[in-house]
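A.B. asks: Quick note, the sequences are listed as chains A and B, same order.
FYI, our numbering numbers position 15 of the first sequence as 15, with every residue one higher than the one before it.
FYI, our numbering numbers position 83 of the second sequence as 83, with every residue one higher than the one before it.
One or more hints might be untrue.
[Stated by the list, open to error] Calculated lysine-lysine pairs in the BS3-like style (CA-CA distance at most 30 Å, straight line): (1) A:Lys40 - B:Lys102; (2) A:Lys41 - A:Lys22; (3) A:Lys53 - A:Lys19; (4) A:Lys22 - A:Lys38; (5) A:Lys19 - B:Lys102; (6) A:Lys9 - A:Lys38; (7) A:Lys41 - B:Lys70; (8) A:Lys38 - B:Lys73; (9) B:Lys55 - B:Lys102; (10) B:Lys70 - A:Lys40; (11) A:Lys18 - A:Lys41; (12) A:Lys18 - A:Lys40; (13) B:Lys102 - A:Lys22; (14) A:Lys19 - A:Lys40; (15) A:Lys53 - A:Lys41; (16) A:Lys22 - A:Lys9; (17) B:Lys55 - B:Lys73; (18) A:Lys40 - A:Lys9; (19) B:Lys102 - B:Lys73; (20) A:Lys53 - B:Lys102; (21) A:Lys19 - A:Lys41; (22) B:Lys73 - A:Lys40; (23) A:Lys53 - A:Lys38; (24) B:Lys73 - A:Lys41; (25) B:Lys102 - A:Lys9; (26) B:Lys102 - B:Lys78; (27) B:Lys102 - A:Lys38; (28) A:Lys19 - A:Lys9; (29) B:Lys55 - B:Lys70; (30) A:Lys18 - A:Lys38; (31) B:Lys78 - A:Lys41; (32) A:Lys22 - A:Lys40; (33) B:Lys102 - A:Lys41; (34) A:Lys53 - A:Lys18; (35) B:Lys102 - A:Lys18; (36) A:Lys19 - A:Lys38; (37) B:Lys78 - B:Lys55; (38) B:Lys78 - A:Lys40; (39) B:Lys78 - A:Lys38.
Rather than coming from a laboratory, the hints here were simulated on the basis of the structure.
Here the structure is a predicted model, which is why all the values come from computation and not from measurement.
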Amino acid sequence: DTEVTQTPKHLVMGMTNKKSLKCEQHMGHRAMYWYKQKAKKPPELMFVYSYEKLSINESVPSRFSPECPNSSLLNLHLHALQPEDSALYLCASSQDLQGNTEAFFGQGTRLTVV
Amino acid sequence: AQTVTQSQPEMSVQEAETVTLSCTYDTSESDYYLFWYKQPPSRQMILVIRQEAYKQQNATENRFSVNFQKAAKSFSLKISDSQLGDAAMYFCAYRATGGAQKLVFGQGTRLTINP
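In isolation and in its complexed conformation, chain A is listed as follows (with noise of 0.2 Å):
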């Protein structure tokens, strides 16, 4: 099994709406990522987990909070966003931080904000 798995696929919320996104690996991967892509342009890594702990925050609004919960889950929690924040969320993982590892990644869950 190779699949990062995401859900939902498509989510449309309002600005004072709470939602979340889920990512699932059972690939046995110890590091997990989320990435943000807004259309016609590079995914732009935002959080990383290593061993369930947050190892880096790349200067992400607080209106986002990651979780791991355990090792084959990654969530991200969505609270008051704005329009701006419509993207696709990638999740991606790999075997850890270290050496020659590849990233796996999801196939997104496209996120409109109304």
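Starting from the known structure of chain A, fit chain B onto it as the hints suggest.
C.D. replies: Just chain B now, with coordinates in the frame of chain A:
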């Protein structure tokens, strides 16, 4: 900070022909990794090929090969015998060795395959 530049926003090629996508990068590191990722309309980023900077030999994966010129900081992707399924956005990416596995992506090249 490391930067990755893809100077070709769009490329097109006839089916069965060969196409080369360009990528340059800037870094002060001597050891690092370079990648080409493919993002089809399904949105999933798929690793196409990777190159370790300490290896002089160019990486090859079936119809995909790279021309890695370390001194020139150039990393181009050659796709031979292009197939319709190769149509996608292609991203060149850089990652430093050690530390967090942060991928720095170029702006992407959209590849169209003409039947």
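A.B. asks: Sort out which numbered hints this structure fails and list those numbers smallest first.
C.D. replies: none
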